[in-house]
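Make a model of the complete structure from these sequences and hints.
Protein sequences appear in the order of chains A and B.
To convert, take the position in the first sequence, counting from 1, and add 89; that gives this note's numbering.
To convert, take the position in the second sequence, counting from 1, and add 89; that gives this note's numbering.
By construction, these hints were calculated from the structure, which means they are not laboratory data.
Among the hints, erroneous ones may be present.
Pairs count within a copy or across copies, as identical chains cannot be separated in the list.
What the hints assert, rightly or not - No more than 25 Å apart at the CA atoms, straight line, and that leaves these computed lysine to any residue pairs for SDA-like:
hint : residue 1 : residue 2
1    : Lys142    : Ser258
2    : Lys295    : Ala240
3    : Lys142    : Ala257
4    : Lys229    : Leu192
5    : Lys166    : Ser258
6    : Lys166    : Pro177
7    : Lys301    : Ala319
8    : Lys171    : Thr230
9    : Lys166    : Thr266
10   : Lys140    : Ser258
11   : Lys119    : Ser176
12   : Lys171    : Glu265
13   : Lys171    : Gln220
14   : Lys166    : Thr125
15   : Lys166    : Ala257
16   : Lys171    : Leu306
17   : Lys119    : Gly151
Residue-level listing of the chains:
2 protein chains.
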Amino acid sequence: MTIRLYELVAADGRAFSPFVWRIKYALAHKGLGAETLPVGFTEIPKLCDGKYKTVPIIEDGGTTVCDSWAIADYLDKTYPEKPLFTSPQERAMARFFDGWFGLEVMNRIFGVCVLDIHDHARAEDQPYFRQSRESRLGGKTLEQFVEGRDARLPEVRHALRPMRAALASAPFLGGETPNYADYIALGGFIWTGAVCTVPVLAADDKLNDWLKRGFDLFGGLGNVPRYPLAA
Amino acid sequence: MTIRLYELVAADGRAFSPFVWRIKYALAHKGLGAETLPVGFTEIPKLCDGKYKTVPIIEDGGTTVCDSWAIADYLDKTYPEKPLFTSPQERAMARFFDGWFGLEVMNRIFGVCVLDIHDHARAEDQPYFRQSRESRLGGKTLEQFVEGRDARLPEVRHALRPMRAALASAPFLGGETPNYADYIALGGFIWTGAVCTVPVLAADDKLNDWLKRGFDLFGGLGNVPRYPLAA
Chain A
90 MTIRLYELVA
100 ADGRAFSPFV
110 WRIKYALAHK
120 GLGAETLPVG
130 FTEIPKLCDG
140 KYKTVPIIED
150 GGTTVCDSWA
160 IADYLDKTYP
170 EKPLFTSPQE
180 RAMARFFDGW
190 FGLEVMNRIF
200 GVCVLDIHDH
210 ARAEDQPYFR
220 QSRESRLGGK
230 TLEQFVEGRD
240 ARLPEVRHAL
250 RPMRAALASA
260 PFLGGETPNY
270 ADYIALGGFI
280 WTGAVCTVPV
290 LAADDKLNDW
300 LKRGFDLFGG
310 LGNVPRYPLA
320 A
Chain B
90 MTIRLYELVA
100 ADGRAFSPFV
110 WRIKYALAHK
120 GLGAETLPVG
130 FTEIPKLCDG
140 KYKTVPIIED
150 GGTTVCDSWA
160 IADYLDKTYP
170 EKPLFTSPQE
180 RAMARFFDGW
190 FGLEVMNRIF
200 GVCVLDIHDH
210 ARAEDQPYFR
220 QSRESRLGGK
230 TLEQFVEGRD
240 ARLPEVRHAL
250 RPMRAALASA
260 PFLGGETPNY
270 ADYIALGGFI
280 WTGAVCTVPV
290 LAADDKLNDW
300 LKRGFDLFGG
310 LGNVPRYPLA
320 A
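Okay, structure coming up:
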């Protein structure tokens, strides 16, 4: 029975949820195939009994699992070969990484490209996206929020120093081989590349080497059309 | 043969190197005893052929190992029971954590308490400490560098958000049980408490619960005299 993965898509068909992308990498890591089903923002509440407003969601036989961490745990429990987490300790550290990456990196990139995300969403999803995100942005419009965004790019680049430090001594965040932390971060950069019309990295950023290695994994899973990430 | 651990001490005898403390925790984690030998900043170059200006340094039989990461690896290789790292992936993630904690947390605490460190060092170590640190501080004196430090405490507290996020779902950074990331961070806070005359945390910071759990580990290893960490 093939696993079915619901993935968020833009108007141009590109998959652009960072949380779906980490699961696409997780499935590839475990050698599991999946059938992908495209959904827009406003279709998600029709899945999973309306419990979730976000993807990924997988269906595996009669089992539905929502939320990327629940899916990762489900995959390791159900398909123990090629574990995503070699130990509970590694899993806990990957959770720390996820928290750091979300708070310090994704939030900053979101602030730079939130209007781009809106503009790339399907037409029928744009009003929902605008309303839900503007309510989180303290009353600012998406347009107001991205004003002067170029001046905020140095903060994004500065925030990534801990990743550069780790990658100075190993090819992947997981060490000699990629682990779930790599997939979390790669998912974030694929999301960025799918929508962000300004390059978030400098051309000489060492992270570009890691990005290339990561995109090339699993037969080039991450080599999808994108805006330049670096310039 | 008992392992000998050189540890940096203040004028009042308190061990105050964060890097030594992570090794004290690592030794306790592995159930290994050690004889500690106090040294001041200016004595360190007399050890280890002058290769290192920092501790920890251990001697184990005829083997001398300098640098905390080299020591952690040596301990896991030589004494494989109760590993510090359950897998290379966990080790890589702990290195990421170390980089993050150093760049985002320790550097900020250092900026708040660098004069306190000086004032707590042995009299014969103070000139070396002042000269070496002031040369890193862009020409400022230690006194100038800590001016207005109270206003920088919110930055320290803000920087710790990723740790709070991880500890919202588990008692330790390592998950249900502490791992090397916990020891890295506990070492940082023991160093802070040994010298820092202003409390770096707010009284209601959830990290205080984790600190108590961490200090209580291994028979209360971390329950040493300290300035209040929170207020």
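Against the structure, the hints come out as follows:
Taking the closest pair of Cα atoms, Lys142 and Ser258 come within 25 Å of each other only across two copies (22 Å); inside a single copy the shortest separation is 39 Å, beyond that limit. In this assembly of identical chains, Lys295 and Ala240 lie within 25 Å of each other by CA distance solely inside one copy; the values are 21 Å within and 34 Å between copies. Within a single copy, Lys142 and Ala257 get their C-alpha atoms only as close as 37 Å, which misses the 25 Å cut-off; across copies the closest is 22 Å, which meets it. Taking identical chains as interchangeable, the C-alpha atoms of Lys229 and Leu192 lie at most 25 Å apart only when both belong to the same chain, with a minimum of 20 Å there against 32 Å between chains.
Proximity of Lys166 and Ser258 under a CA criterion of 25 Å is satisfied inter-copy only: 20 Å between copies versus 31 Å inside one chain copy. For the identical chains of this complex, Lys166 and Pro177 are neighbours both inside a copy (12 Å) and across copies (21 Å), given an alpha-carbon limit of 25 Å. Taking the closest pair of Cα atoms, Lys301 and Ala319 come within 25 Å of each other only inside a single copy of the chain (12 Å); across copies the shortest separation is 44 Å, beyond that limit. Taking the shortest alpha-carbon separations for Lys171 and Thr230, neither the intra-copy value of 45 Å nor the inter-copy value of 54 Å comes in at or below 25 Å.
Taking identical chains as interchangeable, the C-alpha atoms of Lys166 and Thr266 lie at most 25 Å apart whether they share a chain (21 Å) or sit on different chains (20 Å). For the homomeric pair Lys140 and Ser258, the shortest alpha-carbon distance between copies (21 Å) is at most 25 Å, but the shortest distance inside one copy (42 Å) is not. Both within a single protomer and between protomers do Lys119 and Ser176 lie at most 25 Å apart by alpha-carbon distance, with minima of 16 Å and 18 Å respectively. In this homomeric assembly, Lys171 and Glu265 come within 25 Å of each other (Cα to Cα) both inside a single copy, at 15 Å, and across copies, at 23 Å.
Taking identical chains as interchangeable, the C-alpha atoms of Lys171 and Gln220 are never at most 25 Å apart, the minima being 41 Å within one chain and 52 Å between chains. Within a single copy, Lys166 and Thr125 get their C-alpha atoms as close as 21 Å, which meets the 25 Å cut-off; across copies the closest is 44 Å, which misses it. Within a single copy, Lys166 and Ala257 get their C-alpha atoms only as close as 33 Å, which misses the 25 Å cut-off; across copies the closest is 23 Å, which meets it. In this assembly of identical chains, the alpha carbons of Lys171 and Leu306 lie at most 25 Å apart only when taken from the same copy (15 Å versus 33 Å across copies).
Taking the shortest alpha-carbon separations for Lys119 and Gly151, only the intra-copy value of 20 Å comes in at or below 25 Å, while the best inter-copy value is 45 Å.
Hints 8 and 13 from the earlier list are contradicted by this structure; the remaining hints agree with it.
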